[in-house]
Structures are given as structure tokens and as C-alpha cells.
Amino acid sequence: MELENVIDLLKSQLEGIDHPRAKTVLKQLQELDLKTNINDSLVLDSLYYLAKKIPILISYKEPWRSKEFRLFLECFTLSDYYKRTLNTLIETTFKGVLRKVKIPQDKMIIEFYPGSGVGIEIISKVFPNKLAIMESYREDLDFVVERLEHQGLNVMVYETEYKDIGEVLSESVGIVLIVSPITWFYSLSALIDKAYSILEEGGYILGMCLLDSPGNILKPFMSALGEASILTYGNLEMILISKYLSRTNIKVLNEFIIFSGMKKW
Amino acid sequence: MYISSVREIKVKCPICEDECSIVVDSATLTSARESPSGIVGLAVPHGDHVMIVYVDSEGRDRGVRVYKTIIGEEIPTKLLRLTPEFLREFSILKGFRVNLGRRNIVIECFNEEPITLLHSKYKDLSLELLPSELNSFKIASYWLNNFMRELEEAIYDIDFRTLMKGLMMLDSSLNSPPKVYTRNIFKVVLSSKNLFIVVDEDGKELFTKYLDLLPWLYRGVVTKILESNGTLLLDLIKNLDSLSTRKFIESLLSLERRGIVRLEAH
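Sequence order for the protein chains is A and B. According to this note's numbering, the first sequence is numbered sequentially starting from 55. According to this note's numbering, the second sequence is numbered sequentially starting from 378.
Keep in mind the hints are simulated off the structure, nothing from the lab. Check before you lean on any hint, since a few could be wrong.
To be verified - Subject to a maximum C-alpha distance of 20 Å in a straight line, what follows is the list of computed SDA-like cross-link-like pairs (lysine to any residue):
id : chain 1 : residue 1 : chain 2 : residue 2
1  : B       : LYS586    : A       : TYR135
2  : A       : LYS106    : B       : GLU633
3  : B       : LYS556    : A       : LEU195
4  : A       : LYS121    : B       : VAL557
5  : B       : LYS624    : A       : VAL199
6  : A       : LYS121    : B       : LEU588
7  : A       : LYS318    : A       : ASP160
8  : B       : LYS586    : A       : SER95
9  : A       : LYS106    : B       : VAL575
10 : A       : LYS106    : B       : GLU582
11 : A       : LYS121    : B       : GLY636
12 : B       : LYS556    : A       : MET210
13 : B       : LYS445    : B       : LYS570
14 : A       : LYS121    : B       : LYS581
15 : B       : LYS445    : B       : ASP395
16 : B       : LYS498    : B       : LEU521
17 : B       : LYS581    : A       : LEU111
18 : A       : LYS121    : B       : TYR587
19 : A       : LYS106    : B       : LYS586
20 : A       : LYS137    : B       : LEU588
21 : B       : LYS556    : A       : SER190
22 : A       : LYS121    : B       : LEU594
23 : B       : LYS556    : A       : TYR212
24 : A       : LYS121    : B       : GLU627
25 : B       : LYS556    : A       : VAL199
26 : B       : LYS586    : A       : LEU132
27 : B       : LYS556    : A       : ARG192
28 : A       : LYS121    : B       : ALA642
29 : A       : LYS121    : B       : THR585
30 : B       : LYS556    : A       : GLU203
31 : A       : LYS106    : B       : ASP579
32 : B       : LYS624    : A       : GLN205
33 : A       : LYS106    : B       : THR585
To be verified - Computed footprint of chain B on chain A; a stretch qualifies when at least three of its residues, placed anywhere within it, have a C-beta under 8 Å from a C-beta of chain B:
id : region
34 : 103 to 116
35 : 124 to 133
36 : 190 to 199
Treat the numbers as computed from the prediction; the structure is a model and nothing was measured. By construction, the Cβ of each residue, glycine as well, lies at the ideal position given by its N, Cα and C atoms.
Working from the sequences, and respecting the hints, build out all of it.
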């Protein structure tokens with residue numbers, strides 16, 4: 055499978071669709087200026103599958119809650135490409151030369167809308183803290199809990215929307231993760247706001263969002279599904295500055311911007 | 378004192394011509410005596426049909442009939458007793474009695490004395506169980522109540538085979554801590570005679586590329602399901618014991634959750 059095959063399929067699928075988003079995405083594809091190639095077979099296969107399903111998904115009200123998106127998401131997030139990006143995010147936040155960060159063990163790590171759960175799984179290997187996930191959609195909850203339990207992770211589940219998480223939390227929070235593809239369909243600014251409000255002082259927000267760039271192959275796919283958060287470096291920087299986070303770290307990495315910040319003492 | 382065996386009847390199934398011996402115990406005679414019709418049915422499941430031998434209070438053979446579904450069919454007695462051999466398919470249960478209320482039938486099966494430890498009532502349905510061992514009464518009650526709710530929901534969809542499959546699922550669940558992702562297991566099994574498996578070929582193609590990264594899934598079972606496009610679910614699980622049925626249904630739900638398989642009602 056080559057990236058060109060994926061793009062060709064997406065283009066031909068969109069040409070047959072009468073939907074406002076299809077036109078926008080076709081324009082994005084015309085302007086696509088690929089600087090790098092993605093060689094990871096799981097990423098290419100998952101995108102090829104998504105391209106096949108676009109005609110159905112584009113008509114759904116919330117395509118990111120569909121079973122088809124769940125299958126795509128699992129394959130995509132299990133790829134080395136995605137896991138490498140997550141590992142880089144964790145390393146740049148906590149393992150730099152001048153960053154001897156310690157998160158007290160009694161502080162919980164929570165992931166918002168965890169998707170497949172790969173994010174919380176990876177961070178659990180770095181910190182021994184109590185783990186939690188927040189998800190409001192029942193089927194997505196079944197999906198992620200299936201994985202986490204079989205991975206032997208003991209995870210607290212908050213079945214709620216992010217807006218209400220502050221009311222149901224029973225523990226103090228040391229890290230909030232906003233990294234799964236499901237979060238790309240929420241307002242990142244609102245998610246960061248909520249994360250900030252539940253964090254203890256000295257706690258961290260770790261995030262990963264899509265980079266708004268003509269060279270980003272993920273952008274047309276997520277635009278077709280109605281994404282809410284594809285940002286430029288500048289946009290993201292503004293968001294983080296406005297939240298009064300300290301020790302902020304923003305880095306463009308392939309198709310993503312990875313970022314972190316600490317709630318001031 | 379309980380007398381386990383009173384007499385033995387030899388019968389031949391009119392459909393499959395399978396010959397078998399049925400032990401008539403004192404509890405059967407008591408049931409016949411207390412039954413308004415004066416007889417009790419001893420049921421012997423034979424794959425896709427069930428042979429019922431009617432016995433009176435003296436233990437005499439009063440006729441043999443074969444039924445396809447039992448539940449919903451015209452049968453002359455409300456109480457059916459399954460021969461204890463049926464319990465070989467179960468791992469924890471040593472006996473059960475299920476009263477289907479508005480469907481006007483009681484089905485029971487006991488290895489020893491017909492005593493029960495766990496009881497549950499839901500609307501007009503009741504279920505009594507005799508488990509050989511329980512790790513936690515709380516866990517067992519969770520599954521039992523869950524089963525009863527789903528049974529009530531599916532009360533007009535079930536037949537004898539799917540009811541027994543449902544009880545097998547309950548049997549394999551009683552000692553397992555509840556998981557959110559197993560909440561639909563009873564619903565699927567109880568409706569399995571109406572559900573056909575539809576495999577999405579695109580989903581199957583993608584899934585098989587990363588299946589190795591999900592080591593908790595039963596690979597053999599997953600492969601079997603993926604090769605069963607268009608097959609009736611009950612046909613796939615009918616010959617499985619309780620633990621294998623549970624593995625099968627859990628795998629099926631994992632695939633269904635990812636849109637690789639759809640369960641279509643007919």
C-alpha cells in the first residue's frame with residue numbers, strides 16, 4: 055500500500071458525494087503538498103479503510119462515534135507511528151535534561167476520551183499512579199475497557215462528558231492526557247480549559263493535536279468527518295498562553311503538534 | 378431420604394432414532410402426582426429437537442413426542458424435567474429451575490435432590506439455581522439479575538435451545554467479575570435463533586492485519602466468526618459447552634463493537 059493509493063481512493067470516493075464537506079476536502083486534496091511520506095503500513099491500511107468508508111461516515115451526525123471510526127482508530131493508534139509520537143511527547147515533557155519532573159504518586163492520571171486507550175497504556179509504563187479515563191459514550195467505553203482490562207491495567211472509569219468531569223472526580227489529578235483521535239472532534243481550547251480546572255497545582259496537561267498544514271495527509275480525512283481542532287503552531291501557542299500554563303512545550307512532529315504545560319503553583 | 382432412582386425406561390427417538398435410557402427418580406414421580414394432568418415430561422435434548430417422554434405418577438411411560446422449540450408449542454404438561462446428563466454441558470450449575478411465567482412452562486434439571494440456593498424473580502419469571510461453588514454471592518447475583526432482565530426482554534423470542542444456551546452463559550459467568558463490555562452477552566444468546574452474522578469484508582481485511590496486536594482475543598474463534606458470513610448464530614454455538622459459548626459470544630461482541638460483524642435479525 056502506498057500513500058498515493060490512499061489519496062487516490064479518497065479523491066474518487068469524495069467525487070461521488072454530494073455533501074458540503076466533500077467539496078472542501080476535495081479542495082484540500084488539490085492543494086495537498088506532501089513534504090514527507092508515511093511508511094507505516096498500519097497507518098496506510100487504516101487510512102485506506104477510512105477512505106472506503108467515507109461515503110457512509112460523512113452522512114453520520116457524529117462519525118467519530120461510529121463503529122467504522124473505532125476500527126480505524128484502533129489500527130491507527132496501534133501503529134509505531136502513533137506510539138512513537140506519544141513517547142516523544144512524554145519524553146520531551148518529563149525526561150529532558152532540565153526537567154526532573156515528579157508527579158506525586160497519590161495524584162491521578164486521567165485521559166479524556168481515550169479512544170483505544172493506547173495513551174493511558176503508554177503513560178502507565180512511566181508513572182505508577184492511579185489511572186482513570188473519561189468517556190461519555192457507552193460503546194466507546196466498552197471498547198476501551200476491553201483493551202485496558204486485558205492489558206492488566208486497573209483503571210477508574212468516569213462515564214461523563216468533559217464538561218461535568220469536575221463534579222464527579224473523586225481524586226486529585228496530576229496529569230491530564232488529551233491525545234486520542236476522538237479529541238480532535240472537540241474544541242481543544244475547551245478541553246484544555248476543563249483539564250486546567252481539574253488539575254492540582256504542579257500538574258501537567260499533555261496533548262497531541264493535528265497540525266493545520268497543506269502537507270498534512272490526515273487533515274482531509276478528519277475534515278471530511280467534521281473535525282473541530284486542526285491548529286497551526288501559532289493558534290495552539292495562543293491557546294496555551296491564554297490558559298496561564300507554565301513550562302509549556304510545543305513541538306511540531308510530522309502531522310501533529312505535541313504540547314504540554316504545567317499548572318502554576 | 379432422597380431416592381435417586383426408581384426405574385429406568387428405554388426409548389427410541391422417533392426423529393433421529395437414537396436409543397436412550399431414562400432414569401425416573403422419586404422427584405419425577407412426585408411432580409407427576411402433583412401435576413394437574415397427572416403426568417410429567419422428561420426432556421432429552423437431541424441437537425435441533427427435543428424428545429419428551431411423558432411419565433405418570435407410577436413411573437409408567439405414557440408416550441413419546443418430539444418438539445422443535447417447546448416454548449410456545451402445545452404440550453400437555455407445564456413442568457418439564459431435563460435428564461441430568463444435560464448438566465454435563467455446565468461447569469458450575471448442578472441444577473436449575475426456570476419458570477417462564479406467561480409462556481406457561483417450567484423447565485428444571487437436577488443432578489441430585491431438587492434443592493436450590495440462588496433464587497431470582499423478575500416480573501412473572503423466576504429462576505432457581507444450585508451452583509456447586511460460588512466465589513462471591515454478590516457477583517453471582519449481578520449476573521443472575523442481569524440474565525433475568527434480558528430473559529424478560531426476549532421472552533417471546535426464545536425457544537428451548539436459546540434458553541438453554543442462555544443458562545449456559547449464566548453458568549460460565551457466575552464466578553467472573555462483571556465487565557462493562559460483556560453486558561450484552563445474554564441478549565445476544567437468547568436471540569441467537571433470529572440473528573444472522575454479516576461480515577463486513579473491508580473491516581475484516583483491516584482487522585486481520587493487526588489482530589496479532591490484540592493477544593487477548595481468541596484467534597481461532599475470531600477466524601471462525603469471520604468465515605461465517607450469512608450463518609445463523611445459533612448454528613455456530615449450538616454444539617459448544619458453556620465456557621466455549623462464552624468465549625464465542627465475547628469474541629463476537631468484540632468484532633461487532635468494531636463494525637467488522639453485524640448481527641442482523643430475521
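query = Given the hint that LYS121/A pairs with LYS581/B, does the C-alpha gap stay at or below 20 Å?
reply = holds (13 Å)
inquiry  = Holds or violated: LYS121/A and GLU627/B, Cα atoms, limit 20 Å.
reply    = holds (17 Å)
Whether chain B covers the region 124 to 133 of chain A (at least 3 residues having a Cβ closer than 8 Å to its Cβ atoms) = holds (count 6)
query = Has the given pair, LYS106/A with ASP579/B, been kept, meaning a C-alpha gap of at most 20 Å?
reply = holds (8 Å)
20 Å limit on alpha-carbon distance, applied to hinted pair LYS586/B and TYR135/A = Within the cut-off at roughly 16 Å; holds.
query = Hey, LYS106/A versus THR585/B, does the alpha-carbon distance stay inside 20 Å?
reply = Between LYS106/A and THR585/B the Cα gap is close to 17 Å, so the pair holds against 20 Å.
key: Hinted pair LYS121/A and ALA642/B, Cα distance within 20 Å   = Holds, because 18 Å separates the two Cα atoms, which is no more than 20 Å.
request  = Please work out if LYS137/A and LEU588/B have their alpha carbons no farther apart than 20 Å.
outcome  = holds (17 Å)
request  = Compare the distance between the alpha carbons of LYS498/B and LEU521/B with 20 Å, and conclude whether the hinted pair is satisfied.
outcome  = Within the cut-off at roughly 10 Å; holds.
task = Count residues of the region 103 to 116 of chain A with a Cβ under 8 Å from any Cβ of chain B, then say if the count reaches three.
result = holds (count 3)
task = Measure nothing beyond the straight line between the CA atoms of LYS106/A and GLU582/B; if it is 20 Å or shorter, mark the hint as holding.
result = holds (12 Å)
inquiry  = With the threshold set at 20 Å, check whether the alpha-carbon distance from LYS556/B to VAL199/A stays at or below it.
reply    = holds (8 Å)
This entry satisfies every hint, going by the numbered hints stated previously.
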